[in-house]
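For the sequence shown, this note's numbering begins at 27 and goes up steadily by one.
Hint data in this document are derived by calculation from the structure and do not stem from the laboratory. There's no promise every hint is true.
[Unchecked claim] Label pairs and their in silico Cβ distance ranges:
id: 1; residue 1: L106; residue 2: E146; range: 29 to 35 Å
id: 2; residue 1: D205; residue 2: G151; range: 29 to 35 Å
id: 3; residue 1: R116; residue 2: P197; range: 35 to 41 Å
id: 4; residue 1: E146; residue 2: Q46; range: 18 to 24 Å
Glycine included, each C-beta is placed from N, C-alpha and C at the ideal position.
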Amino acid sequence: MTAPRCLVPPVGAAAGAARQFRAELPCLATARLDLRPATLDDFPLWSEIFAAPDAGAIGGPLNAEGAWDEFCVYVAGWLLHGHGLWAAVRRTDERLLGFALLGLEWSDREPEIGWIFAEEAHGLGYATEAAMAVRDHAAALLGPGSAVSYIDPANAASIELAIRVGATRDPAAEAALGDGTQVWRHGAARAEATA
27 MTAPRCLVPP VGAAAGAARQ FRAELPCLAT ARLDLRPATL DDFPLWSEIF
77 AAPDAGAIGG PLNAEGAWDE FCVYVAGWLL HGHGLWAAVR RTDERLLGFA
127 LLGLEWSDRE PEIGWIFAEE AHGLGYATEA AMAVRDHAAA LLGPGSAVSY
177 IDPANAASIE LAIRVGATRD PAAEAALGDG TQVWRHGAAR AEATA
């Protein structure tokens, strides 16, 4: 089966334009990871992560088309909001391990810091490193306390990670959502949330 046209990398002038646009986007670095803007080559891992039977805590499981829709939302964020999706690449061997993001989905009330890693990278601290780098970037770009993580209460690993990176629960933001999702605020509490 051939890949859908949307997954075929551009060639010629279009490929050059894509490289030029990506070169303008911010790259982040941690002790062990390089976070670079996501490319079409990264989509297979994104799709694999979202297709897993246990992907419910991150909005899955999704078929390839659903995963593509999610991928495009975050990649488009660079043009629409000035922030988006990074691919997390281990520096020692250039292996793609997962993704970190600062983005907005349709129902998000505030920019979200998120992390999505392959099972092989779980429990090794990579997601924590990536989340800290995105948290610091978000604070510089949007101001302290301007980004949150929306976490399913059943996702214990993400809750533990949010705590490790210094996020705190925001009861006012949770009440405004009213759907049971936990809201973890990164940085100082927003004035309207504490007033």
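Checking against the hints above, which ones are violated? Result: hint 4 breaks, nothing else.
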